[in-house]
Amino acid sequence: MQRLSFDFPADTRILAKIGNLAADAGRNAGFNDVGIGDIQLAIDEACTNTIIHGLKKDPSRTFQLIIQWKTDEIEILIHEKGEPFDPSATRIPDPEASLEDRPVGGLGIYFVRELMDKVEYRTDEEGIKTLRMVKRVSKS
Amino acid sequence: MELSKKDVDGTVVVSVRGKLDTVAASEFEKYIVEQVDKSENSLIVNMSELIYIASAGLRAVLAATKKLREKQKDILLVGLQKTVKDVFKIAGFLSFCKVFDTEESALEQI
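Respectively, the protein sequence lines represent chains R and U.
All residue numbers for the first sequence refer to the UniProt record's numbering, where the first residue is 1 and numbers rise by one.
All residue numbers for the second sequence refer to the UniProt record's numbering, where the first residue is 1 and numbers rise by one.
FYI, nobody ran anything at the bench for these hints, they're computed from the structure.
We put the beta carbon where it would ideally sit given N, CA and C, even for glycine.
Among the clues, some could well be false.
Unchecked claim - Result set (BS3-like, lysine-lysine): computed pairs, CA atoms no more than 25 Å apart in a straight line:
no., chain 1, residue 1, chain 2, residue 2
1, U, Lys82, R, Lys139
2, U, Lys30, U, Lys6
3, U, Lys82, R, Lys17
As the list claims (entries may be wrong) - DEER-style ranges, computed between Cβ atoms:
no., chain 1, residue 1, chain 2, residue 2, range
4, U, Lys98, R, Ile52, 24 to 32 Å
5, R, Ser88, U, Lys98, 29 to 37 Å
6, U, Gly10, R, Asp124, 14 to 22 Å
Just need the whole structure built from these sequences, with the hints factored in.
Next up, the structure:
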């Protein structure tokens with residue numbers, strides 16, 4: 001298992017670097033271009049939510065990003081002590097909704113869930129939130 | 001991300017190239033909404049050189065589309081690469097976004 005760990009400031013300008021790190025890790029794990037694109041988009045959306053909603057774009061606050069991989073599998077963990085978040089309280093966007101019924105925004109978490117194989121949120125007793133997501137190389 | 005625009009017989013054609021990520025999306029949204037506000041016509045957005053789009057980019061497309069529909073106009077998207085088209089598809093945006101292979105075929109619909 002290969003592992004990278006970073007502490008990043010809550011600044012959206014860091015997202016491009018994170019996307020590149022995820023792409024390199026995905027490539028090393030054996031994902032094809034489509035899989036790497038899915039991983040990049042999922043990590044971009046997840047970290048965007050962490051930076052904007054969890055840490056309120058305050059660059060003095062940080063979050064920990066761990067990317068670990070082995071052949072055919074990548075696991076991404078985001079640890080952050082920011083605003084409380086209850087994933088069960090988020091509205092799940094309806095991809096069938098008409099234009100008029102669509103709120104502007106709210107697609108980020110939906111994308112993460114669609115693009116990754118396993119997505120878990122948890123908050124420990126100290127209030128540290130963890131988003132864990134896993135994707136495996138599709139054999140089909 | 002790079003943005004440019006041209007006028008073809010009164011229709012604005014915006015071209016967006018590169019990566020439409022979270023950071024770029026706010027600039028993109030401002031740019032296309034400005035074009036919508038200035039024009040009475042539908043808007044064509046050429047995405048043939050766009051290699052990446054995040055949900056914030058889709059949000060910009062949705063915001064512009066809602067403004068256009070108030071004027072009974074549309075957004076016409078051109079030349080979506082497979083990876084970009086897949087993101088539109090996952091979000092269910094292909095049900096209301098009109099997608100064309102070329103600018104010429106989009107212009108014929110206006």
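### Query
Is 29 to 37 Å a correct range for the gap between the Cβ atoms of R/Ser88 and U/Lys98?
holds, 36 Å
### Message
Given the hint of 24 to 32 Å, is the C-beta distance from U/Lys98 to R/Ile52 inside that range or not?
### Response
holds, 30 Å
### Message
For U/Lys82 and R/Lys17, compute the direct alpha-carbon distance and say whether it is at most 25 Å.
### Response
holds, 23 Å
### Query
Between U/Lys82 and R/Lys139, is the straight-line Cα distance small enough, at 25 Å or below?
holds, 20 Å
### Message
Given the hinted pair U/Lys30 and U/Lys6, is their Cα-Cα distance within 25 Å?
### Response
holds, 17 Å
### Message
Can you tell me whether the CB distance of U/Gly10 to R/Asp124 sits inside 14 to 22 Å?
### Response
violated, 59 Å
In the structure shown, a violation is registered for the earlier hint numbered 6 alone.
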